[in-house]
Amino acid sequence: MSHSPILIIIIPLISSFFVPLIGWRKKNLCYPLVVLALFISSILSLYIMGSVITHGSIYYRLGGWEPPWGIEYRIDYLNGFMAVIVSFISFLVAIYSRRSGEQELPDRIVHFYCIFLLLVTGLLGMVVTGDMFNLYVFLEIASLAAYALIAIGEDGALMGSFNYLIMGTIGACFYLLGVGYLYIVTGSLNMNDLSQILPGLYHSRVVRTAFALFIVGLALKMGLFPLHTWLPDAYTHAPSAVSALLASVMSKVSVYIMIRIMFTVFNPYFSIELIPITTMLSWTAGIAILFGEIMAIVQPDLKRMLAYSSVAQIGYIVLGIGLANTMGLTGSLLHVLNHALTKGCLFLGAGAITYRRGTRDIRQLGYLHVEMPFTMAAFTIAALSMIGIPPTCGFFSKYYLILGAIDARQWIWVIILLLSSLLNAIFFFRVIENAYFKPLGVIHESSYDRGEQEEANEVPLGMLIPILALAAAIILTGIFSGKIISTIIQFAIPEGI
Amino acid sequence: MIEYIISKYNYWIYIVLMMIGFYAMISKRNLMKKLIGMTIFQTAIILFYISIGVKRDATIPIVPEHSHEAIKALEYVNPLPHVLMLTAIVVMVSTSGVALALLIMIYKRYKTIEEDEILKLRQEAGA
Amino acid sequence: MISRYESIIITTLCKLLIPVIQLYGLYVIMHGHSSPGGGFQGGVILGASFILLVISHGLDEVKKRMSEKLNTIFCSFGLLIYAGLGVLALIFGGNYLDYGHLPIPVTIAEARYLGILGIEIGVGITVMAVMISIFLDISSVGEQE
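Residue numbers (the numbering used here), protein chains in the order written: chain A, 1 to 497; chain B, 498 to 624; chain C, 625 to 769.
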């Protein structure tokens with residue numbers, strides 16, 4: 001099983017080539033193939049994480065060539081942690097996507113699965129690789145698949161996808177320019193090799209320009225304020241499975257790349273003292289948190305509200321990076337896990353509400369606790385995690401972020417974090433109040449008149465199981481968060497912080 | 498000052514091309530022109546990478562047949578940026594393909610590819 | 625909808641040129657390792673030959689020869705050659721894409737040479753299929769599914 005770093009990528013990749021061939025014959029066989037491929041990937045990612053915990057980092061040489069001449073895949077704690085998150089959430093979204101795909105895009109389901117598998121391949125490849133240019137290739141694979149998947153959605157999706165295409169290409173091109181500048185002065189593309197050659201070159205302007213290009217390009221890709229303008233349109237109008245996958249996983253992988261570049265390729269000394277990028281990032285993140293929360297309060301559309309909330313949550317994670325001490329990075333990595341689970345559950349729940357009700361307007365969500373009790377229960381648990389109430393995972397990640405801010409003696413972040421919890425409570429309680437306490441009243445008349453209001457009309461089991469699994473995972477990771485930190489996250493923090 | 502510009506003329510050329518593409522992406526209102534600007538932007542980056550590998554009095558990096566002596570690296574242009582740019586050109590073509598397909602669907606839906614007219618149509622539909 | 629070009633000079637000349645272009649595309653793929661060329665370049669030339677057929681003889685001629693189903697099969701087939709060679713190397717003991725471990729009875733250096741040639745062929749087939757697919761989609765203004 002020493003080939004597991006490459007198997008985790010090839011299995012979705014080859015399955016994505018088989019899906020169009022099988023889809024011409026029998027359309028119904030595509031779904032089991034997709035679910036099987038992602039299930040094998042998830043099991044392999046767990047195996048890799050276990051192997052890293054017991055034996056240390058894994059090195060895999062592609063083509064048998066030694067680094068720095070060949071491409072090397074290097075998996076340590078941070079990589080393995082991200083790979084587990086990515087593969088499990090993709091697996092759950094793939095289970096969900098059959099029913100929602102039948103309703104939203106019935107005649108294009110084969111192409112949807114093919115591009116979905118390519119997106120997961122790109123994301124897993126970005127997480128696993130240890131070579132800078134290979135990361136650009138996988139970044140573009142994932143981005144192109146995302147543009148195509150968003151465009152399959154409803155009416156406003158075409159312009160949203162075009163905006164995302166233009167801005168995402170600029171971001172990836174800035175990353176490519178950064179790699180080029182680093183190649184000019186060092187002659188190497190391997191991350192480990194660069195981290196050994198670069199400390200002698202920190203005074204040169206080429207290296208500093210490359211660093212600036214990396215930060216701006218990755219900020220475009222992850223949706224950090226003020227480069228987030230593609231995010232609301234793209235997340236709102238995409239199909240519900242695609243929004244869940246993009247919001248929960250794709251932005252986190254960009255955050256992972258930023259941590260990798262700031263703290264592994266470049267030393268923490270460079271990122272914290274030589275160029276005070278961490279101060280700039282933490283101020284930008286603070287403004288992102290407040291902006292995202294305030295904009296989310298005024299949205300009438302459920303998915304648009306969740307999209308602006310995502311802008312704020314990316315601000316949390318970058319704030320943790322910007323604080324640059326152990327507590328802050330612990331909170332940041334734990335919030336990566338928390339936000340992936342929570343936003344996945346919220347977007348899948350919003351998709352379920354759309355599947356049954358046909359509307360995403362918050363004011364028309366009355367009587368939902370009778371019609372869809374399990375979905376609303378899961379939605380409520382996820383909302384509590386987003387606000388930060390124990391024992392869900394969200395409480396612990398915010399706790400560590402606040403501890404990190406106190407450690408750094410910067411009280412403004414403590415105030416912003418507490419204020420944002422309050423703002424989160426405002427817009428999530430609006431949804432919960434409409435669903436649980438308002439009767440189905442004057443606006444929405446059809447199902448009230450149909451006389452079915454006494455029985456539960458839940459979504460199909462294929463859509464319900466991933467939502468409930470994610471909600472259970474939120475509570476479990478909250479209860480076991482101490483164990484997660486002590487076994488994985490403590491060693492995933494880059495050295496020298 | 499002049500010799501500073503002339504000795505690094507490849508960097509100046511790529512920056513001018515990149516800024517032309519970037520200006521087109523930002524300021525033009527026709528979506529097709531934005532796409533052309535994006536292609537110019539990416540082509541400038543490809544030009545930059547190729548210009549890195551050039552050496553003085555060097556020839557293309559192809560070894561003549563049946564020569565069994567050691568290769569002197571100074572005689573050949575650095576082939577690694579060329580190989581990286583093959584991949585980047587493929588990425589550029591794929592991005593253009595996806596963007597053109599999107600433009601066709603936008604045209605079929607809105608009957609125009611001017612951005613301000615599309616925004617006006619969407620606002621009227623949403624309001 | 626592109627129809628057949630009206631001039632007989634164009635149609636005759638293209639009828640003569642297109643096989644030559646395809647032969648040149650195959651030449652570029654095969655000689656990619658020792659002269660400028662390779663999988664992507666040869667694939668684009670092969671795709672360009674089909675595009676020339678569309679422009680000169682009309683869309684229906686090409687749809688008879690290269691239907692949508694055949695296009696998709698070519699696309700997946702080429703990539704399966706690429707990934708499949710890598711998995712073959714994985715099965716026979718090396719790392720992924722380590723052509724030295726392919727089961728052909730030649731020296732290791734020759735095996736690497738033949739492995740690279742194999743993946744270039746796969747890439748060429750896929751690029752040809754993708755170029756044709758992009759052009760057919762754009763020229764039929766999205767009506768072809």
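Please keep in mind that the hints were generated in silico from the structure rather than gathered at the bench. Check each hint, because a few of them may be wrong.
Far from chain B, some chain A residues (derived; all Cβ distances over 12 angstroms) [unchecked claim]:
{"no.": "1", "residue": "L144"}
{"no.": "2", "residue": "A148"}
{"no.": "3", "residue": "I150"}
{"no.": "4", "residue": "S161"}
{"no.": "5", "residue": "N163"}
{"no.": "6", "residue": "T354"}
{"no.": "7", "residue": "L419"}
Restraint ranges, calculated between C-beta atoms of paired labels, are given here [stated by the list, open to error]:
{"no.": "8", "chain 1": "C", "residue 1": "S627", "chain 2": "A", "residue 2": "V298", "range": "30 to 40 angstroms"}
{"no.": "9", "chain 1": "B", "residue 1": "I503", "chain 2": "A", "residue 2": "V298", "range": "48 to 58 angstroms"}
{"no.": "10", "chain 1": "B", "residue 1": "K617", "chain 2": "A", "residue 2": "K483", "range": "47 to 57 angstroms"}
{"no.": "11", "chain 1": "B", "residue 1": "T556", "chain 2": "A", "residue 2": "L46", "range": "50 to 60 angstroms"}
Coverage of chain C stretches by chain A, computed from C-beta distances (three or more under 8 angstroms per stretch; other residues unrestricted) [stated by the list, open to error]:
{"no.": "12", "segment": "662-672"}
{"no.": "13", "segment": "677-686"}
Don't be surprised by glycine CBs; every beta carbon is placed ideally from N, CA and C.
Checklist entry - Non-interface claim for A148 (chain A): all C-beta distances to chain B beyond 12 angstroms? => result Check fails; 6 angstroms does not lie beyond 12 angstroms.
Item to check | Given as non-interface: T354 (chain A), which should sit over 12 angstroms from chain B by C-beta | outcome: holds, 18 angstroms
Checklist entry - Would N163 (chain A) pass as off the interface with chain B, using Cβ distances and a cut of 12 angstroms? => result Its Cβ does come within 12 angstroms of chain B, the nearest being 10 angstroms, so this is violated.
Item to check | Beyond 12 angstroms from each Cβ of chain B, as asserted for I150 (chain A) | outcome: violated, 10 angstroms
Checklist entry - Quick one: are K617 (chain B) and K483 (chain A) within 47 to 57 angstroms, going by C-beta? => result holds, 56 angstroms
Checklist entry - Regarding the assertion that S161 (chain A) does not contact chain B, is the least Cβ-Cβ distance greater than 12 angstroms? => result violated, 6 angstroms
Checklist entry - Counting residues of the segment 677-686 of chain C with a beta carbon closer than 8 angstroms to any beta carbon of chain A, are there 3 or more? => result Not satisfied, violated; 0 residues make the cut.
Next on the checklist: Range first: 30 to 40 angstroms. Now tell me if the beta carbons of S627 (chain C) and V298 (chain A) are that far apart.
Outcome noted: violated, 54 angstroms
Next on the checklist: How does the segment 662-672 of chain C fare against chain A when you require at least three residues with a CB closer than 8 angstroms, holds or violated?
Outcome noted: violated (count 0)
Checklist entry - Per the stated criterion, does the least C-beta distance between L144 (chain A) and chain B lie above 12 angstroms, as a non-interface residue requires? => result Contrary to the label, L144 (chain A) does not stay out of reach of chain B, its closest Cβ about 6 angstroms off (not over 12 angstroms).
Next on the checklist: Checking a non-interface call: every C-beta of chain B should be farther than 12 angstroms from the C-beta of L419 (chain A). Is that right?
Outcome noted: holds, 31 angstroms
Checklist entry - So does T556 (chain B) sit 50 to 60 angstroms from L46 (chain A), Cβ to Cβ? => result holds, 52 angstroms
Violated hints for the displayed structure, listed by number in ascending order: 1, 2, 3, 4, 5, 8, 12, 13.
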